[in-house]
Amino acid sequence: MPASALSVPRVILTNASKRFGSTTVLDNINFAAQKGEFISLVGPSGCGKSTMLKMIAGLHPVSEGEVIVDGMLPKDAREEMAFIFQEANLLPWRRVQQNAELPLKLRGVLKEKRIETARKMLELVDLSHALGLFPWQLSGGMRMRVSIARALTLAPKVLLLDEPFGALDEMTRDNLNEDLLRIHERDGWTAFFVTHSAAEAVFLSNRVVVLSANPGRIAKIIEIDLPKKRDAPLRESPEYLKYVAEVSHAIRTVH
Amino acid sequence: MATFKKKFLSASLPVISGVLILGIWYLVSYIYGRNEGFDVQRIIIPFPHQILDALFNERATLWIATKQTAYAALVGFVAAVVVGYALSMLLASAVWVKKALYPWVLVLQMTPVVVLAPIFVLWIGQGLPSITAITFMIGFFPIVANTTMGLVSTDRNLLDLFEMTNATKSQEILYLRVPYAMPYFLTGMKIAGTLAPIGAITGDLFAGSSQGGAGGIGFMVILYNSQLKIPELFATAFVACLLGFVFVGCVNWLHWYLLKNWHDSVRKTEIS
Numbered sequence: 000m001p002a003s004a005l006s007v008p009r010v011i012l013t014n015a016s017k018r019f020g021s022t023t024v025l026d027n028i029n030f031a032a033q034k035g036e037f038i039s040l041v042g043p044s045g046c047g048k049s050t051m052l053k054m055i056a057g058l059h060p061v062s063e064g065e066v067i068v069d070g071m072l073p074k075d076a077r078e079e080m081a082f083i084f085q086e087a088n089l090l091p092w093r094r095v096q097q098n099a100e101l102p103l104k105l106r107g108v109l110k111e112k113r114i115e116t117a118r119k120m121l122e123l124v125d126l127s128h129a130l131g132l133f134p135w136q137l138s139g140g141m142r143m144r145v146s147i148a149r150a151l152t153l154a155p156k157v158l159l160l161d162e163p164f165g166a167l168d169e170m171t172r173d174n175l176n177e178d179l180l181r182i183h184e185r186d187g188w189t190a191f192f193v194t195h196s197a198a199e200a201v202f203l204s205n206r207v208v209v210l211s212a213n214p215g216r217i218a219k220i221i222e223i224d225l226p227k228k229r230d231a232p233l234r235e236s237p238e239y240l241k242y243v244a245e246v247s248h249a250i251r252t253v254h
Numbered sequence: 000m001a002t003f004k005k006k007f008l009s010a011s012l013p014v015i016s017g018v019l020i021l022g023i024w025y026l027v028s029y030i031y032g033r034n035e036g037f038d039v040q041r042i043i044i045p046f047p048h049q050i051l052d053a054l055f056n057e058r059a060t061l062w063i064a065t066k067q068t069a070y071a072a073l074v075g076f077v078a079a080v081v082v083g084y085a086l087s088m089l090l091a092s093a094v095w096v097k098k099a100l101y102p103w104v105l106v107l108q109m110t111p112v113v114v115l116a117p118i119f120v121l122w123i124g125q126g127l128p129s130i131t132a133i134t135f136m137i138g139f140f141p142i143v144a145n146t147t148m149g150l151v152s153t154d155r156n157l158l159d160l161f162e163m164t165n166a167t168k169s170q171e172i173l174y175l176r177v178p179y180a181m182p183y184f185l186t187g188m189k190i191a192g193t194l195a196p197i198g199a200i201t202g203d204l205f206a207g208s209s210q211g212g213a214g215g216i217g218f219m220v221i222l223y224n225s226q227l228k229i230p231e232l233f234a235t236a237f238v239a240c241l242l243g244f245v246f247v248g249c250v251n252w253l254h255w256y257l258l259k260n261w262h263d264s265v266r267k268t269e270i271s
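Chains as they are written, first to last, in numbering that gives the first Met the number 0: chain Y, 0 to 254; chain G, 0 to 271.
Isolated chain Y, as found in the complex (with noise of 0.2 Å):
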């Protein structure tokens, strides 16, 4: 990685905290993500990985500490920043091309600019078949599609991902972790995705973060020394097998 970006990291969290009422969810939480970073965030459920999430988001604040995105407040920082949710969270009443539309609807963009682009988006993953379908017609993988689709319209810098994909059967996921990792080499977006598969996340991440709960902090980094491209095959490969199994024995014996 070249130095330039190093030095300024995309986001930063300095002692970041969460406590929801008495309860410390997140504690003291320290990292920073470079430009480009893939990000994983594994631990045992209730650790706080969503809550990490949604606190760069801005959408829970920090209690104590900072969060800072391309140098700003989370919440300043929005139209760098795109969500994609556990669920598709599309709205069931918009067709699929309006559903990808609906971002750049909100922040003002032109008609005809925000048709093209969602367009493109929905293009770049395979869904041009289904732009005028609603989304009950549709599989959750393709649903899971359309909500990347959305995010991508905004071209955000940080994308952050709150475990998109734990719903859906093995294979989709693994189709759509391709198509995801094919995207991000395009576009050079930082991510963070939660994740509860040690699987997924070794697969997608340059660095995997564990975190213990009771209260959530940050257990453990492992770095992924894979070769940056990634395919079907890699799965089956020494390397990859040795990094699952490291992230899996982490997660389970963090406390």
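Check the hints yourself; a few may be wrong.
[Stated by the list, open to error] Result set (DSS-like, lysine-lysine): computed pairs, CA atoms no more than 30 Å apart in a straight line:
1) Y:K104 / G:K259
2) G:K259 / G:K4
3) Y:K156 / Y:K228
4) Y:K74 / Y:K119
5) G:K259 / G:K5
6) Y:K112 / Y:K156
7) G:K97 / Y:K74
8) G:K168 / Y:K110
9) Y:K34 / Y:K119
10) G:K6 / Y:K110
11) G:K168 / Y:K74
12) Y:K219 / Y:K241
13) Y:K110 / Y:K74
14) Y:K104 / G:K168
15) Y:K219 / Y:K74
16) Y:K156 / Y:K74
17) Y:K156 / G:K168
18) Y:K119 / G:K259
19) Y:K156 / Y:K219
20) G:K6 / G:K259
21) Y:K34 / Y:K156
22) G:K168 / Y:K119
23) Y:K156 / Y:K119
24) Y:K34 / Y:K227
25) Y:K104 / Y:K119
26) G:K168 / G:K98
27) Y:K34 / Y:K112
28) G:K189 / G:K259
29) Y:K119 / Y:K228
30) G:K168 / Y:K112
[To be verified] Interface residues of chain G toward chain Y, partial, derived using beta-carbon atoms under 7 Å:
31) M163
32) A166
33) Q170
34) N260
35) W261
Quick caveat, the hints were computed from the structure, so don't treat them as lab data. Beta carbons: idealized from backbone N, C-alpha and C, even for Gly.
Go by the hints and put chain G onto chain Y.
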């Protein structure tokens, strides 16, 4: 062809039961009115054909009465929808507003409209304004209760989505809360639509007057009853029933039309 047979059978069932009911009606009417003779009008339970006769003879009067009632029902219903929606928006705008006002909306609802009716007449006088006000009161609450519920129960994740795109409050209302609450609102509207003709007839019982040739359906009920015109009374009931069907039919159509593309309550089976 099997499906055709099935469809034919299921369509003919209500016809068969209708014929049966008609038969029983004739039987009961015959037994009860044995002493009255066949050609004499039957007081307690008139023959169905006597009711049809009455309907035909009184058609001009009943038509005017129906128009009056339909008009009052429609105006009261529309007012309930508009005012109800506006109040729901207000109630959903902030938690403290709902806390402050909702109990009083409930108090108003818990007071039976039939008790309020004479008070309305006292305030606004006999005739259409009072009847409309009574219809409004009856349809108003279901709209408010349902719409408010829809507006405040908007999916947390969808709200987060809008927040992430820095959507303004009015965008959130227009593009998220209002469509999200639509099924709730339409459910309230269905209930209000069912109640509207009932409200107008109830209003008529208290505030109906014969100015302009005829009162509404409720007025005719009182009139026919006092004159012991029982077949005419049944004919009036028949007309009121038809009016109810028309009203509910229109609202149900609207419900279907607005939600047909996306909502579980109306759309066809899932493809995938």
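List, from low to high, the hint numbers that the structure doesn't satisfy. 10
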